[in-house]
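Novice: When you get a sec, could you build the whole thing from the sequences and use the hints?
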Amino acid sequence: MKRSYDINTGRGGRTGKNIISVLLVLYSFITIFLVGDTVLSSFKTKQELVKNLIGLPKNPTLQNYATVFVEEGFWRYILNSVLLVSASLLLMMTVSSMLAYGMAQYRFRGKNFLQGYFLIGLMMPVQLSILPLYLMLSKVHLTNNIWGLALVYAANLSFAFTVFYRFFEELPLSVIESARIDGANDFKIFASIVVPISKPVFSTVGLLQFIMIWNDFFLPMVFLTQKETQTLTLAIYSYTCNFLRNWDKIFSAVTVALIPILIIYFLFSEQIVAGLTAGSAKE
Amino acid sequence: MKIEPIRLKSRSNHAYLGFILPGLILYSVFVIIPILCSVFYSFFEWSGIGPMKFIGLKNFQYLLFGDRMSPIFFNALKNNLKYLACVLLIITPIQLFLAYMLFLKIRYSKYIRTMLFLPYVLSTSIVGFFSLLLFDGNIGVLNRVIADVFGRQYTLSWLGDPKIVFKLFVAIVIWQCMSSGMMIFYADMQAVSRDVIEASVVDGCGDTRRFFSIVLPNMRASLITNITLSVIYAMTMFGLPYVLVGPSGGVNNSLDFIAMVFYRYAFGGTYYGTTDIGFGSSISVVMLIIILAVWLITDRFLKRIKD
Amino acid sequence: MKRFIAILLAATMVFAMAACAAKTTTSTSASASAPATNMPAASASASSSTAASASAAGSDQISGKLTIWEHNASFEEALKAVIEGFNEKYPNVEVEYSIKTSDQYYNLLQTAMQAGECPDLFWTNGKATTNYESYVDQGLMMDLTDKVDFSLYDGTSAMDIVTLDGGKIYSTPTAEIGGRAVFYNKDIFDENGWTIPKTFTEFEDLLGKISKTNYIPVSFGATDPWNVLFVFEPILAAMHLDWIQDYSKNGYVEVNDPRVVEAYNKLIEWGDKGYYGNNWTGVSGDGMSLAFSTGEAAMYIGGTWNISTFQENNPDLNFGAFQIPCEDGQVPFVSTNSCGFGISSKTENPDAAIAFANYFASQDGQSKWLGALGSISCSTKIVSDSDVVNDVQNSYTVQAESYYNILGYEAGTGDSPCNLWEEDQCKILTGGMSVQDFVDELQALCLTQDQMAKK
Chain A
1 MKRSYDINTG RGGRTGKNII SVLLVLYSFI TIFLVGDTVL SSFKTKQELV
51 KNLIGLPKNP TLQNYATVFV EEGFWRYILN SVLLVSASLL LMMTVSSMLA
101 YGMAQYRFRG KNFLQGYFLI GLMMPVQLSI LPLYLMLSKV HLTNNIWGLA
151 LVYAANLSFA FTVFYRFFEE LPLSVIESAR IDGANDFKIF ASIVVPISKP
201 VFSTVGLLQF IMIWNDFFLP MVFLTQKETQ TLTLAIYSYT CNFLRNWDKI
251 FSAVTVALIP ILIIYFLFSE QIVAGLTAGS AKE
Chain B
284 MKIEPIRLKS RSNHAYLGFI LPGLILYSVF VIIPILCSVF YSFFEWSGIG
334 PMKFIGLKNF QYLLFGDRMS PIFFNALKNN LKYLACVLLI ITPIQLFLAY
384 MLFLKIRYSK YIRTMLFLPY VLSTSIVGFF SLLLFDGNIG VLNRVIADVF
434 GRQYTLSWLG DPKIVFKLFV AIVIWQCMSS GMMIFYADMQ AVSRDVIEAS
484 VVDGCGDTRR FFSIVLPNMR ASLITNITLS VIYAMTMFGL PYVLVGPSGG
534 VNNSLDFIAM VFYRYAFGGT YYGTTDIGFG SSISVVMLII ILAVWLITDR
584 FLKRIKD
Chain C
591 MKRFIAILLA ATMVFAMAAC AAKTTTSTSA SASAPATNMP AASASASSST
641 AASASAAGSD QISGKLTIWE HNASFEEALK AVIEGFNEKY PNVEVEYSIK
691 TSDQYYNLLQ TAMQAGECPD LFWTNGKATT NYESYVDQGL MMDLTDKVDF
741 SLYDGTSAMD IVTLDGGKIY STPTAEIGGR AVFYNKDIFD ENGWTIPKTF
791 TEFEDLLGKI SKTNYIPVSF GATDPWNVLF VFEPILAAMH LDWIQDYSKN
841 GYVEVNDPRV VEAYNKLIEW GDKGYYGNNW TGVSGDGMSL AFSTGEAAMY
891 IGGTWNISTF QENNPDLNFG AFQIPCEDGQ VPFVSTNSCG FGISSKTENP
941 DAAIAFANYF ASQDGQSKWL GALGSISCST KIVSDSDVVN DVQNSYTVQA
991 ESYYNILGYE AGTGDSPCNL WEEDQCKILT GGMSVQDFVD ELQALCLTQD
1041 QMAKK
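Going down the list, the sequences are from chains A, B and C. Those letters in the first sequence? Residues 1 to 283, by the numbering used here. Those letters in the second sequence? Residues 284 to 590, by the numbering used here. Those letters in the third sequence? Residues 591 to 1045, by the numbering used here.
Hint data in this document are derived by calculation from the structure and do not stem from the laboratory. This structure is a prediction, so every number in the text was calculated from the model and none was measured. Any given hint might turn out to be false.
Calculated from the model, a selection of chain B residues having no Cβ within reach of chain A, i.e. all distances over 12 angstroms [what the hints assert, rightly or not]:
| # | residue |
| --- | --- |
| 1 | Tyr310 |
| 2 | Pro334 |
| 3 | Arg351 |
| 4 | Leu364 |
| 5 | Tyr391 |
| 6 | Val424 |
| 7 | Ala430 |
| 8 | Ile447 |
| 9 | Asn535 |
| 10 | Ala549 |
Restricting the straight-line Cα-Cα distance to at most 27 angstroms, the calculated cross-link-like pairs of lysine-lysine (DSS-like) are [claimed, not checked]:
| # | chain 1 | residue 1 | chain 2 | residue 2 |
| --- | --- | --- | --- | --- |
| 11 | C | Lys971 | C | Lys670 |
| 12 | C | Lys971 | B | Lys450 |
| 13 | B | Lys388 | A | Lys199 |
| 14 | C | Lys670 | C | Lys788 |
| 15 | B | Lys336 | C | Lys1045 |
| 16 | A | Lys199 | B | Lys450 |
| 17 | C | Lys776 | C | Lys758 |
| 18 | C | Lys1017 | A | Lys51 |
| 19 | A | Lys51 | C | Lys802 |
By construction, the Cβ of each residue, glycine as well, lies at the ideal position given by its N, Cα and C atoms.
Specialist: This is the structure in structure tokens:
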């Protein structure tokens, strides 16, 4: 059980920390300016954008949002993105955590080799892989299908695997041992003991992977060719390709795209901070 | 305490197989097979469709020793290594420092945490737009502010200035991508035992000393993870320079990276476009070998530090 | 365990070989004769002049789905307009389009072709790249020579880009002439009493005058080689029209000719004199356009396809166009033709695809296409209602070939000089390479005069 506490040395460390704090707040103004400008600009008409790119909108209008939602049907894209990311995350987190746990708990020769094996996925540019991937998926008729793409995303588990693996390696065996003596089977141990202990890691990896998959436009562009299955990021990308023509719509589209991510972030960051019983796992 | 994974009796072997197999199969089919295909293609002269002509190692010869390609390739490699040095010497320490600051709960921690993380959430095409907004030579905000405050002659061309473009690039990377590593460090710091920390406070231990003697040694997992991943991401850097300066690699190729060279030569541009999958594959195979080598060196080094 | 993993990896390798080998078999498949067998009499028949009336007879019978791929988002509106017009004639055809980003377009197209999911209609760049001929050689494209009515283009050079040796045509062209022009902000010009220059010296004087005010004379950025090309070519045409005309007369000209070097040096000289503003090396393509459309810059030199972009970006912008004149008063117009869509030989709906190609190549279709793009037309039958477009169309006296195209025609058999051009073009402006070295290396990759004669 965790109580929040304050490490306060009171030895001149406090002024130093306050200065750093202020500097960081000043630094955050850059982000506020950029994101804030995006949001404000989403309420400006084209004519106003030309004259007044950075400033408060003089005649705020909701026209851009209307265009984006009504005419272009962004609801559909948001739904698709949410579906895709949920499906991929579900698959990926299950598969990669189990993989890492199995590898961490079991000793065999060639372990080092397998560690490298699972990192190779990060070392190759994705654009070359699409030809074989597309051929494989089209043979099983999974192109243009959210599940097919979710499989591909789930397979790119190098990052998740690495984080989980290092973490599981450091888990103490005492808890697991006592559970096994009590007669629980391996899977039950994993699900009911290991996972709850690892909540911060799950949350961190989940959050970071969510962002990576949500912001990816290349794989959806390859595998989801029909307009109905398009994702939000892909829609925004097609706007930014023709930036000058669409810039009034881009601001509102980007603002809309930010909202789900921010929601997920606020949901997960509490998990990460809470730490929970992880504190007692390490001695 | 070093943990010894136990060698299990045959009965339990099957359980662990059940854990490992799904991931192994999924990964091998969707990630390893395409890589093997690329290795295969690299020995051919092939545009991506149509007849494949076997040419053995010619692609590699041309890439590494050819008059025209090798300066481009090695310049890009140099940039990658330069960037790698920045990551290890500048970015990772900053991530550690900031994670520790947040751990110490300096004032406005929650707000700062969110604000530091927010840029990571933006997709790279938005970052491209922001760089236009800020750094454009004519209409960028920075230059306007400088012109108003200091005078027109002090304006810079930012991404067009070969002397500062790389430094500017690292600054943008820090702004956008630093927080993911920081989050990993932060999560790991949270897991350090409370009792030890409280004991150190009671003992009057200063923040700095606490960091080096207690927190850091317990962060082995995240340190190794972070450094491993950062090293690999540094060698495959592509998305950000692409949106900032396009596939040509920036002013005098100063932001050219090997993944960029790959992209340019594998796919060309649509207007004179010959996709050259054979040659592109050979570039990516060389990339793979280099990155593997870099990773192996890092791994040995980290292992030595671990003990 | 270890043995198991070894077996797994071996199986993976075998699978990999199979996957890689799979696509080589698809490339030797059926040739263009296949669609001919399922073409009913009602759709577009052999003779070109009756094609239009014949298709009208079958417009209700032609149905099904069509997928079209375009390579650039800037053509989306135009494509939508054409599809709308097409659906008025053929209401039972469901047309779906997909825009793939420029860089990855051919990669994605080839992937789709190999998976057997090639779109019914797709853009190619015709003879300007090797892909077109390579796809034709592999039998992936339908022969359109007798199936589409190209009469709109009689008397123009629009068909050159799609006609192969032997007279076969596998793609529709467009009626668009992609030209270069100097766009100027009429309000700024009126405000300062500046007029359109009639000679090259007048143009340079104008630049000098503007540079003394707060406006940037010419909006220009050195990050993208294409933006540089579209400013360089008008300068070359204005300074040394004779070099370009040498090519037309003799069929060959050296790309490192001193006249070319002079034109490049002029481009750099203007930068040094501040005619592009202070920090032009750090300006991207979008930044270049924005500087003009927001009124920071008085002029913008570039492609005529930007006309509609400017209008869309800032509907209140009051702008016109002129060409950089030669010293002797001639007004050159550098232009290139562009390519439309080809039909996949494996399309499942050949009737609809051919009907679409016919519509696209017709006056009605091209009017819609050019109208949405705001582009210059090669055919006098298509009239624009945009002042700027008419400005350009009426303001020139002589057409000039593009430097880049000449580079392509004279390309040798080794590396492509176009490839090298794209890599090194911007370096001459940022101090990475001298102009003489640049043009010399381009010439080294080109054919010599004798080799060209033998071609």
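Novice: State for each hint whether it applies.
Specialist: Hints, verified against the model:
Here Tyr310/B does not stay apart from chain A, with its beta-carbon only about 5 angstroms from theirs, under the 12 angstroms limit. With 12 angstroms as the threshold on Cβ separation, the claim that Pro334/B sits away from chain A holds: the shortest Cβ distance comes to roughly 16 angstroms. With a minimum CB-CB distance of about 21 angstroms to chain A, Arg351/B clears the 12 angstroms threshold, and the non-interface call stands. With a cut of 12 angstroms on Cβ distances, Leu364/B stays outside the contact zone with chain A, its closest approach being about 16 angstroms.
Listed as a non-interface residue, Tyr391/B fails to keep its Cβ farther than 12 angstroms from every Cβ of chain A; the least gap is roughly 6 angstroms. Not every CB of chain A lies more than 12 angstroms from the CB of Val424/B, the least distance being 6 angstroms, so the non-interface label is violated. Taking the minimum C-beta to C-beta distance to chain A, about 15 angstroms, the non-interface status of Ala430/B holds against the 12 angstroms cut. With a cut of 12 angstroms on Cβ distances, Ile447/B stays outside the contact zone with chain A, its closest approach being about 18 angstroms.
The beta carbon of Asn535/B is kept farther than 12 angstroms from every beta carbon of chain A, the shortest such distance being approximately 24 angstroms. For Ala549/B, the shortest C-beta to C-beta distance to chain A comes to about 7 angstroms, within the 12 angstroms cut-off, and the non-interface label is violated. In summary, the hint linking Lys971/C to Lys670/C is supported, as the alpha carbons are separated by about 22 angstroms, within the 27 angstroms threshold. A C-alpha spacing of about 55 angstroms is found between Lys971/C and Lys450/B, which places the hinted pair above 27 angstroms, so the restraint is violated.
Distance hint between Lys388/B and Lys199/A is fulfilled; the C-alpha atoms sit about 21 angstroms from each other, no more than 27 angstroms. Using a Cα cut-off of 27 angstroms, the hinted pair Lys670/C and Lys788/C is violated, with the two alpha carbons roughly 40 angstroms apart. Between the alpha carbons of Lys336/B and Lys1045/C the distance comes to roughly 25 angstroms, so the proposed pair stays at or under 27 angstroms and holds. With a C-alpha separation of about 37 angstroms, the suggested pair Lys199/A and Lys450/B falls outside the 27 angstroms cut-off, and the hint is violated.
Simply put, Lys776/C and Lys758/C have alpha-carbon atoms about 46 angstroms apart, too far for the 27 angstroms limit, and the pair is violated. For the proposed pair Lys1017/C and Lys51/A, the alpha carbon gap of about 33 angstroms is over 27 angstroms, so the pair is violated. At most 27 angstroms may separate the alpha-carbon atoms for a hinted pair to count; Lys51/A and Lys802/C meet this at roughly 23 angstroms.
Hints 1, 5, 6, 10, 12, 14, 16, 17, 18, counting from the list given before, are not met by this structure.
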